[in-house]
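Protein chains: 2
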Amino acid sequence: MTDAREMDDVDANIAPPSLDEDNRLTDEFVRSVSEAVENNDTVLAQELVNPLHNADIADLFELIGEDERAPLAEALGDLVSADVLAEMNDYVREDLIEVLDAGQIADLTEQLDTDDAVAIIEDLEDHEQLAVLAELEPEDRAAIESALTYEEETAGRIMQREFVAVPEHMMVGDLIDYLRKNDDLTTEFWEIYVVDPAYKPVGTCQLSWIMRVPRDIAVADIMKREQTLIPADMDQEEVALRFQKYNLISAAVINDDGRLIGMITVDDILHIVEDEASEDVLLLSGAGEGDINEPIRDSYVARVRWLIANLATALVASFVIWTFGAAIEQMVALAVLMPIVASIGGNAGTQTMAVSVRALAMNELTRSNTRRIIGREFRIALLNGGTIAVLVGIGTGLVFANPLLGIVIAVAMLINIVIAGFAGIFVPVTLDRMDQDPALASSVFVTMITDTMGFLAFLSLAVGSGLVNF
Amino acid sequence: MTDAREMDDVDANIAPPSLDEDNRLTDEFVRSVSEAVENNDTVLAQELVNPLHNADIADLFELIGEDERAPLAEALGDLVSADVLAEMNDYVREDLIEVLDAGQIADLTEQLDTDDAVAIIEDLEDHEQLAVLAELEPEDRAAIESALTYEEETAGRIMQREFVAVPEHMMVGDLIDYLRKNDDLTTEFWEIYVVDPAYKPVGTCQLSWIMRVPRDIAVADIMKREQTLIPADMDQEEVALRFQKYNLISAAVINDDGRLIGMITVDDILHIVEDEASEDVLLLSGAGEGDINEPIRDSYVARVRWLIANLATALVASFVIWTFGAAIEQMVALAVLMPIVASIGGNAGTQTMAVSVRALAMNELTRSNTRRIIGREFRIALLNGGTIAVLVGIGTGLVFANPLLGIVIAVAMLINIVIAGFAGIFVPVTLDRMDQDPALASSVFVTMITDTMGFLAFLSLAVGSGLVNF
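Here the protein sequences come in this chain order: A and B. Counting along the first sequence from 1, when you hit position 344 you're at 344 in UniProt numbering, and nothing is skipped either side. Counting along the second sequence from 1, when you hit position 60 you're at 60 in UniProt numbering, and nothing is skipped either side.
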């Protein structure tokens, strides 16, 4: 059972199948294109790539080596369409676009909807941006310049200015005639917006509803009046949450006066949801943007900052150990065991933190249930801490033939896992209330707390219990 | 600038605004509903909740305490519609449904599309499932029973069986008349499927295309023949990747014979994308499902397993330390410094691992570019390792007035960060090639490698360099 695309490829009379069972380009296929380009066999390269979907052509550029990209683009010629560029990873696209002049870039972007055109133009250097804008048709230039006045990652940037809006009193029949006659309307829309004389949206109408009723029904009678209007300055993550919450297919974007100025469709939101959720994984791990196409220097800067922050927090933990140096000299077992306390505490803290960060991102953790969720995490921490404490305590007591050492590590373990549970929820919630991204900085704080408290609890209990003299 | 929903609430003559600026239910609102229910003031409770969107009513149930949910459901009566249940978190819905009898559940699910009905019924205990199915109308029962024959999280489960399919030779005008006359067709569709006499899909047609052409054009002339067909047994994560890659709004689902049996729409995919990306964060941290509504016992079991696995790997690291006990006894500074080497190595490994896991999940890391990406990570690791090694080496040399100790820790740091980089990409890629979920088990292995290698490199270099006698 394969899909039509894959069958297309089997039909093609060219050697390797282009897609594997996971719908990724096969290594054999990528290599045969590479080789064709290397041998200057433009005809073969185009023949191979021609049956591919635009998204797969974009993937092809991402998969091959950086120095092969410009030759491939040259070999493929017009196959590298505006739509292919729109599908491409930002970094890879920037590389390709660098070799084009402003006129070529302008020609490409004019074939796209505003949202896709803006995505390409916003990444250009300032002087290039101006050059490209100067080459655009006045109407397209105005649309893109206006989009660029909104901040990146807001509704104003991601919306398209091509949409269908009609007055309330219109009849379904007249609407259909209007759509049939106006060739310059966008063809990609799923809902139409009904506006009042001031161009403020008063309702939304799915195309399927329009097609289900006779021509003499007023659009106003079948539209849905309850609608989610998106202010143009709303952050894209917020926009994505509205789409998810209300199961939207498209949404009207309004300006400060409440006038309809654009439309966002769900297919663009799908990428934002993916990106924002990925961002959380990557931020939590301190990997910055985490794009495998990012220039190495950028990745280095993003990650080393985080490692240095981690170094600073590790020093705090080391300082704790240092103050107990005499105790460790007396009993090396303490040095052997202390990483266990810190490591498992860190893991427990990370678990709670990941749960909290995702719940915050999805608007599931609010002031109404914070206290209840803290209580929930506390109880889980007690259960986890109890279990691990018993295991580690008994094991240590037996291996070192020292019951007191077993008790000391068990109690330290329990304390650290409970502290980890609290840290894992308090740190992200506090950052969120301070309007910081909880995914960005939580890890540093939580790890510092669990490392430091782990060593402190274990070593001070060892001293306090009389296990070692200090 | 607010959206229509929020303005509705301001218009309502009831005290607290229901939604805050982030579109979450306010604490004041949640509390006033809670109080109304507690005071048995059903009228007030309903008056408060009535203006809310179904998704917000569902959120309300998630936000209040567990023991308040059944009384709230009772107070709200019919406001807890099938659509509210469909929007609700699985665990919270299960709690509520437990108090209903099979007949009531059947009544509710009959108001939903198959995909939403299945989502409710699949979570019931087996005997309950049978009881509910018995209460359903024969047609609905057949549809749901057939959906249940597919595995959970496959296309067959998440598709709806309500869709519009027409023969190729149909004219646009006849299609519109057909849609107008057939009242029992679904009203929620964005594309129609064109099928051959064997009911195999031959093309897809957006509603907007249909509305843009005269009545005497054949549907076959405007449909898109290149289409993405989804086999019913395809995993939902795969389905979501196709939607993202090809910017789909809906897709036809086919059975083993290639016959059209259902439709998946993008609004359902939005939730899957969010869930699957969240899953990666949560699995990487070992938090299991990480749902804040999950019963505590389930969360405990999911997390403690992971902590025990972490304990096992920590033992390996401890064993390394233990073998160097004599060295530590000679020089306690080693015990003070060794967590720094392990901790930063762990962090560096986690960075690479997060990047690799996401790239694998998004089909960006394939056989074609694995070698190149490993090279990329190696260079980043060298840069990071070099930077941290210099910082830590100089700092240690100065603080302990021991240049050799500085050199030892610097070299150990560099080695561990490079190893961390390799582990961070090799482990997930290997798991992926073994058809395992790289997010699930990568953390354990990577942490074990960075901890163990950190201690081993540092302590053995200390001995090997003659810093301590052993």
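Since the hints were made in silico from the structure, they are not lab data. Among the clues, some could well be false.
Note that the list lumps identical chains together, so a pair holds whenever it fits in one copy or between two copies.
[Said to hold, decoys possible] Taking lysine to aspartate or glutamate and the EDC-like style, the derived pairs with C-alpha atoms no more than 20 Å apart in a straight line are:
no. : residue 1 : residue 2
1   : Lys-200   : Glu-168
2   : Lys-181   : Glu-162
3   : Lys-245   : Asp-107
4   : Lys-181   : Glu-62
5   : Lys-245   : Asp-20
6   : Lys-224   : Glu-151
7   : Lys-181   : Asp-216
8   : Lys-181   : Asp-221
9   : Lys-245   : Asp-115
10  : Lys-245   : Asp-267
Exercise for review: Up to 20 Å between alpha-carbons, please classify Lys-181 paired with Asp-216: within, between, both or neither.
Suggested key: The answer is both: 18 Å in one copy and 15 Å across copies each meet 20 Å.
Exercise for review: Up to 20 Å between alpha-carbons, please classify Lys-245 paired with Asp-267: within, between, both or neither.
Suggested key: For Lys-245 and Asp-267, the Cα distance is within 20 Å both inside one copy (16 Å) and across copies (10 Å).
Check your understanding: Is it within, between, both or neither when you check Lys-245 against Asp-20 at 20 Å Cα-Cα?
Key -> For Lys-245 and Asp-20, the Cα distance is within 20 Å only across copies (15 Å; inside one copy 35 Å).
Practice item. Go through the copies and call it for Lys-181 and Asp-221: within, between, both or neither, with a Cα cutoff of 20 Å. Key: between (23 Å within a copy, 18 Å between copies)
Check your understanding: How do Lys-181 and Glu-62 come out at 20 Å by Cα distance, when the copy is not named: within, between, both, or neither?
Key -> Close neither inside one copy (41 Å) nor across copies (49 Å); limit 20 Å.
Practice item. If the cutoff is 20 Å on CA atoms, where do Lys-245 and Asp-115 land: within, between, both or neither? Let me know, please. Key: between (23 Å within a copy, 17 Å between copies)
Practice item. With 20 Å as the alpha-carbon cut-off, assign the pair Lys-245 and Asp-107 to within, between, both or neither. Key: neither (38 Å within a copy, 24 Å between copies)
Check your understanding: At most 20 Å between C-alpha atoms: does Lys-200 with Glu-168 qualify within a copy, between copies, both, or neither?
Key -> Within one copy, since 11 Å is at most 20 Å while 40 Å is not.
Point to revise | Homomeric proximity label, Lys-224 with Glu-151: Cα distance no greater than 20 Å | key: neither (30 Å within a copy, 36 Å between copies)
**Study point:** Within, between, both or neither, where Lys-181 and Glu-162 count as close if Cα-Cα is 20 Å or less
**Key:** So Lys-181 and Glu-162 pass the 20 Å test inside one copy only (16 Å; across, 32 Å).
Consistency note: the structure conflicts with the earlier hints numbered 3, 4, 6.
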